[in-house]
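Please build the complete structure, drawing on both the sequences and the hints.
Heads up: the protein sequence lines correspond to chains H and X, in order. Following the working numbering, the numbering of the first sequence begins with 3 at its first residue and continues without gaps. Following the working numbering, the numbering of the second sequence begins with 3 at its first residue and continues without gaps.
Because the hints were derived from the structure by calculation, they are not lab data. The structure presented is a predicted model; accordingly, all values stated were derived computationally and were not measured. One should not assume that every hint holds.
No distinction is drawn between identical chains; accordingly, a pair holds when it is met within one copy or between any pair of copies.
25 Å max Cα-Cα, derived BS3-like pairs, lysine-lysine [claimed, not checked]:
1) Lys181 x Lys8
2) Lys50 x Lys241
3) Lys50 x Lys8
4) Lys210 x Lys241
Residues per chain, in single letters:
2 protein chains.
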Amino acid sequence: MTHDWKAIDAAVRVEPGKKSKLRARDCIGADLFPEREAAEEALKECAKAIDELQDRLWAERSRALLVILQGIDTSGKDGTVRGVFNKCGPLGVNVTAFGKPSEDELAHDYLWRVHMAVPKKGMIGVFNRSHYEDVLVVKVRGLAPAEAIEQRYAQINAFEKHLSENGVTLLKFMLHISKEEQRERLQARLDEPESNWKFNPSDLEDRKLWDEYQAAYETLLDRCSTAHAPWRVVPADKKWRRNAIIAAIVHGALEEMAPAYPRVDWRPSDFKVE
Amino acid sequence: MTHDWKAIDAAVRVEPGKKSKLRARDCIGADLFPEREAAEEALKECAKAIDELQDRLWAERSRALLVILQGIDTSGKDGTVRGVFNKCGPLGVNVTAFGKPSEDELAHDYLWRVHMAVPKKGMIGVFNRSHYEDVLVVKVRGLAPAEAIEQRYAQINAFEKHLSENGVTLLKFMLHISKEEQRERLQARLDEPESNWKFNPSDLEDRKLWDEYQAAYETLLDRCSTAHAPWRVVPADKKWRRNAIIAAIVHGALEEMAPAYPRVDWRPSDFKVE
Chain H
3 MTHDWKAIDA AVRVEPGKKS KLRARDCIGA DLFPEREAAE EALKECAKAI
53 DELQDRLWAE RSRALLVILQ GIDTSGKDGT VRGVFNKCGP LGVNVTAFGK
103 PSEDELAHDY LWRVHMAVPK KGMIGVFNRS HYEDVLVVKV RGLAPAEAIE
153 QRYAQINAFE KHLSENGVTL LKFMLHISKE EQRERLQARL DEPESNWKFN
203 PSDLEDRKLW DEYQAAYETL LDRCSTAHAP WRVVPADKKW RRNAIIAAIV
253 HGALEEMAPA YPRVDWRPSD FKVE
Chain X
3 MTHDWKAIDA AVRVEPGKKS KLRARDCIGA DLFPEREAAE EALKECAKAI
53 DELQDRLWAE RSRALLVILQ GIDTSGKDGT VRGVFNKCGP LGVNVTAFGK
103 PSEDELAHDY LWRVHMAVPK KGMIGVFNRS HYEDVLVVKV RGLAPAEAIE
153 QRYAQINAFE KHLSENGVTL LKFMLHISKE EQRERLQARL DEPESNWKFN
203 PSDLEDRKLW DEYQAAYETL LDRCSTAHAP WRVVPADKKW RRNAIIAAIV
253 HGALEEMAPA YPRVDWRPSD FKVE
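Right, here's the structure in full:
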């Protein structure tokens with residue numbers, strides 16, 4: 003690998019205990035992978051390495067990786083899954099998209115459906131949205147009492163600590179796009195007939211609440227970037243750079259986990275295939 | 003596409019109501035994709051087309067595709083998933099591997115866990131093994147009473163008919179390898195240290211029951227290849243040919259489903275992204 007993933011990670015990570023200063027973070031990230039060609043090369047290398055490491059993770063069957071993707075509409079959550087995880091494929095990666103909760107889900111606490119979707123040992127799980135919606139849309143639209151929402155940050159931290167202490171490594175990425183970039187992407191959904199179905203008039207309602215959403219993101223970044231599960235704010239206006247950054251961090255984290263093929267407790271020469 | 007998927011399909015399909023004649027079917031399939039290079043080209047084209055069609059399937063959100071992969075140990079079920087569905091990626095494809103049932107699963111009827119894993123509308127689901135294990139290993143090893151197993155063929159046909167009448171298209175593939183090919187593949191797991199973990203001494207026990215397994219397969223092919231969910235017996239000694247055949251049939255079936263991007267009931271020009 004030609005890139006320094008630790009430096010990239012340091013640039014996008016929200017240091018636990020420090021303010022995230024979301025508004026001061028740019029959406030371009032020109033210093034990280036300045037050249038598109040090199041970024042695409044790095045993505046390719048990392049995606050291949052992630053695939054190989056996942057095979058070892060599966061062989062080991064003792065730990066899991068959970069990648070959480072959060073971001074406003076059009077921020078590129080689906081595109082990230084394709085770009086970073088298609089090489090790994092559906093055999094090693096499970097994606098769970100969290101939409102509006104069902105009646106049954108609402109009949110439980112908000113972490114219930116999330117816990118059920120945690121990847122099993124050996125797998126990489128990707129959350130397309132997550133329990134953080136319960137301090138985002140729920141907060142901005144007032145779908146739960148303010149004091150209940152206020153308690154959730156600590157509850158989420160406790161839940162994630164529990165997971166990390168039980169073999170699940172968490173990587174949380176906020177895909178950070180600018181208001182202008184969102185305008186262009188929403189407009190493209192209107193302009194391209196084959197993309198019309200992706201456009202939801204309610205997206206415009208959410209867009210009017212841009213500042214409220216950014217404030218809610220800032221609060222969760224400030225309060226839920228922990229030592230066991232820090233947040234990364236990824237400049238996401240450029241799709242190719244977003245993918246390269248996330249792939250580099252996922253790859254680096256998997257390398258640190260260092261999954262290994264298990265040693266067998268028998269001698270291969272003891273067996274003969276007749 | 004340069005290949006004729008209908009001809010390929012006809013060659014591997016078990017005609018409903020006819021005997022499968024499993025023992026007469028070869029594991030090479032030299033007539034189907036005689037040239038490796040052309041097979042790999044076809045696989046690439048089909049995988050890309052499957053990905054595009056799955057996007058429409060998702061946009062439509064009214065039907066699902068269920069691909070069932072069955073085959074003895076080392077027959078290449080995982081490899082098929084990677085070869086045919088990695089282009090589509092984990093966003094559009096869910097894989098469910100059915101292993102030994104858990105206590106909770108055994109506390110229900112054998113189709114209970116299978117029904118829960120049926121892909122939701124818009125998705126492609128892949129079963130790595132399936133309810134057919136309940137007339138394979140269960141039969142060969144006598145894990146259920148013979149008269150209960152005898153009833154299962156009709157139960158499975160009814161279940162699959164129900165699914166097909168409710169928007170799920172089923173494609174069932176038996177990966178057909180020769181006894182000699184299995185020997186080589188098992189031996190390779192012993193010879194390559196990094197593959198040792200894949201070898202399970204019990205695989206040799208199953209291998210000793212080769213004829214019993216083949217007979218059980220023949221019975222289920224004879225009795226469960228139906229108009230709504232026919233079986234395909236895929237020559238699988240050559241991995242590249244196996245992948246090309248399956249991709250061609252999955253692609254052809256998806257084209258026949260002809261999923262289309264939904265038309266929206268509003269005019270794009272009525273909206274402006276501020």
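Hints versus structure:
no.	hint	result
1	Lys181 x Lys8	neither (29 Å within a copy, 50 Å between copies)
2	Lys50 x Lys241	both (19 Å within a copy, 21 Å between copies)
3	Lys50 x Lys8	within (19 Å within a copy, 35 Å between copies)
4	Lys210 x Lys241	within (24 Å within a copy, 53 Å between copies)
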